[in-house]
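Undergrad: Sequence:
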Amino acid sequence: MPEEILIDTETWGTRELLEVITSRFFELGNEGSYPNSWEVRGLDGKDVSKQLEELNSHLDTMGLVGSLEETNPPVLIISRIPQGSNVMGNYQSLLMWAVMSVFLTMAGSHWVSEYGYDSDSSGNGEIMNSLIFFTLPILVTLSIASYCRVLIARRFGIEIGHIAPIVFPIPTWWPFGIVGAIGQRKLDMVPIPSRRALGSIELAVPLVLFTAGSLLTVVGLILTPSSPPQLTGPPTVFETSLISGYLADSLLGEHLEIRLQWLHPVGISGVGLSLVGWIMMLPIPGLPGDRLLHAIIGPAEMRSGSTQTSVFLIVLFLMVVVFATAKWTPWVFLAFVAAWQRFNPDNLPQPIVLDEQSGLDERFKSRFVAVASVILLAGLPGSVPSYEMEDYIGGISTEEWPEEVGFSGGELQVISLNLEPEGVMPVSGWIQMRIEGSRSQEWVLSTDCSDLPETCRFDGVAQSETSVLDISITPPEGNFSNHLLKVLVEVSGFEVEHEILLHEFSSRGLIGPFWSLSGGLDKPIICTNFDAGDGGNIFVEGAYWETMNESNLTSGIQELCLRGNSGAIQSSEIFDSQGRSFGPVVFLERENSTEGPWLISIDGSEPSIQVTDGQWKIPTGVVSSGDILSHSDRGSPFCPSSEIAAQVDTGGNWSVEMSNYSPIRLEGNLSGNGSIGIGGEGWLAICGTDGSLASFRIIAGPDVFVSTEDSSVGHSAILLNQRIEADTFYIFNRGSERIGLSLEWHGDSPQSGIWEVSIGDWIDAGDSYFVEAVSNGSSTLERALWVTADDSGVVVHLSARCPSEGCE
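So that you can map any letter, position 113 of the sequence shown is 113 in the numbering used here, and since no number is skipped, the others follow by simple counting.
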């Protein structure tokens with residue numbers, strides 16, 4: 001018969017065992033709502049927090065741990081120590097450090113080679129400089145942060161292990177390399193003795209990263225040169241934190257913004273570390289900032305429904321703001337992660353604080369809040385911490401140049417133009433300037449950079465080596481209407497034109513530099529501003545123009561518009577330096593006096609050429625050997641300052657496609673037929689060897705031009721839509737189809753037979769037609785003769801109007 005097994009009915013269960021053990025340290029009261037929980041107070045009046053430490057020292061070998069809830073009286077709960085807190089072992093941690101070091105070196109080598117730090121006086125190569133200037137600063141900082149965290153935790157009797165870096169090695173997506181850090185143990189699974197211990201541990205890594213990152217940023221900026229490296233592509237521009245920017249600005253001044261465009265790898269590592277440290281301080285579940293918030297507020301308060309609702313609403317609001325305003329994609333991703341963590345309370349990690357009852361001393365709470373506030377405010381990154389500068393190669397910036405300059409009493413004025421590059425690379429080029437307006441020839445221009453009054457050369461203008469161009473301007477004597485100072489900046493590929501309005505403070509009459517044209521050249525309407533002073537009646541001299549609004553003007557500045565009859569613009573016999581036709585003479589009549597005359601030209605009335613399919617065949621007699629042709633589809637006509645131009649041999653047939661501001665020089669005997677591709681808009685300038693300039697507006701239309709009988713007249717051979725002084729001329733149809741020819745009469749002359757003209761019906765393709773138009777009758781008639789051409793055909797216009805005092 002087998003031996004009987006005796007069962008001791010007095011054996012303790014787990015609850016009885018824990019109750020006996022706990023009673024050695026606490027006086028037990030009522031049982032709590034959780035298993036193995038009691039209301040307690042310290043044995044013999046001792047501090048419950050001290051007693052909890054002694055109890056946990058005893059329970060640790062049993063795999064148990066006690067915690068105190070923040071209630072009155074405190075409730076002690078004994079539970080098992082959480083399992084699964086270990087993320088990686090020591091060997092895995094070392095391996096991760098090694099792999100991430102390689103990734104950091106890969107990312108750093110990109111910046112070393114990109115900004116020309118791949119070789120120096122010591123002979124170090126790209127990889128070595130990447131290790132020294134990028135990998136080493138980050139690894140040393142993370143090592144210091146890791147050891148600080150470990151030492152602080154050990155001070156509170158906790159083993160939490162080291163951290164390992166997380167690196168994203170594609171600098172074109174994430175330029176900083178370092179993304180974050182991961183610990184050997186999950187802090188959310190490690191029992192923390194107190195709120196003070198929790199806050200101290202969680203502050204360690206963000207504080208070290210922020211402090212070291214800020215210092216490294218400043219050091220990197222000091223190491224960065226102010227002159228740009230030899231860039232092979234768009235540079236990445238960085239933005240520093242507030243504290244780093246303030247410190248660097250006090251040391252570098254205006255050079256700070258320049259150096260951030262090609263920041264030294266040490267500085268890039270610093271920006272990345274301070275950015276990661278700042279992000280860690282955000283109250284996002286799973287990050288140190290959220291656990292620090294638990295330490296400051298208290299786990300019990302954080303678990304309350306009202307607190308969770310408030311945090312939920314704040315995060316929701318911030319997420320909407322970030323999604324609506326963020327210009328940097330990582331901010332959107334960060335807002336999404338923060339919202340996702342908050343919106344999933346089942347996955348919300350909560351730190352395990354064993355002694356909630358003792359709370360947090362106000363001294364430590366103030367310190368935690370102060371340090372966190374400093375990191376979040378002083379470490380605030382830029383709205384776009386890094387971005388690629390697209391227009392890193394450019395010309396001269398004209399944003400700060402003046403828009404207008406006033407004159408008084410004929411005094412000389414000096415205009416200072418700052419020469420600063422738009423991009424980051426040094427630029428060289430030319431500056432041309434000229435004054436346009438009714439009395440442009442009476443102004444005096446001079447500069448401090450050249451013997452030539454209207455041309456200036458500049459070389460090597462960089463962000464750190466800017467220059468200033470001083471232009472001295474002396475206005476004409478007496479009153480004058482507004483004029484324009486046009487400044488052309490010639491930087492190859494980045495030409496830009498800037499206009500400065502020159503006006504007199506006490507000017508009266510026509511104010512604008514030009515009449516603005518609308519309604520076309522056949523029935524033009526021209527307008528400008530007019531200062532009538534105390535008021536008066538407008539009188540317009542000439543037979544072709546009349547006022548559109550009331551001729552009796554009230555006081556002050558108002559718009560004056562004139563309507564022209566057919567031939568109004570073509571009847572003008574005077575032109576400004578750019579070939580614009582002048583408008584009529586205007587007077588202002590008062591009771592006992594007449595003010596004026598005022599005379600300004602009409603913008604848009606310049607000579608023009610018509611181009612078919614973007615190609616224009618150069619007529620015989622228009623150009624000479626040695627002339628330079630220049631073209632652009634924007635701006636105003638200018639001759640190039642440089643003598644460098646592509647040479648074209650005109651001894652045989654030739655054709656050239658012209659781009660903006662790419663001049664060509666005609667060489668040879670001009671015996672060949674030539675054509676240029678200039679598009680259907682813009683301007684063409686013919687620059688003579690004697691410094692002359694003939695400019696033409698480019699208009700899309702039938703390729704028709706008018707020439708006098710003698711082709712040796714040069715540039716005056718092109719007379720389409722312009723006044724024709726000769727009695728005989730040729731109309732050339734250079735298109736591929738026959739075009740109609742007709743005659744139109746305009747005017748109000750009561751006489752008949754005032755023109756003697758005969759004309760055909762067609763001009764064949766590639767042919768010409770000889771026209772003879774002889775004026776007869778009264779010599780007092782104001783006459784105009786011109787030719788127009790459009791898709792409907794060629795029209796010869798004849799106009800004769802009685803003068804303002806009437807016909808004879």
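No lab work stands behind these hints, which were simulated from the structure alone. Take the hints with a grain of salt, since some may be wrong.
[Stated by the list, open to error] Cut-off 30 Å, straight-line C-alpha distance, at most; resulting in silico cross-link-like pairs (BS3-like, lysine-lysine):
id : residue 1 : residue 2
1  : K50       : K365
2  : K46       : K365
3  : K50       : K186
4  : K365      : K186
Undergrad: Of the numbered hints stated earlier in the document, which are not met by this structure?
TA: none
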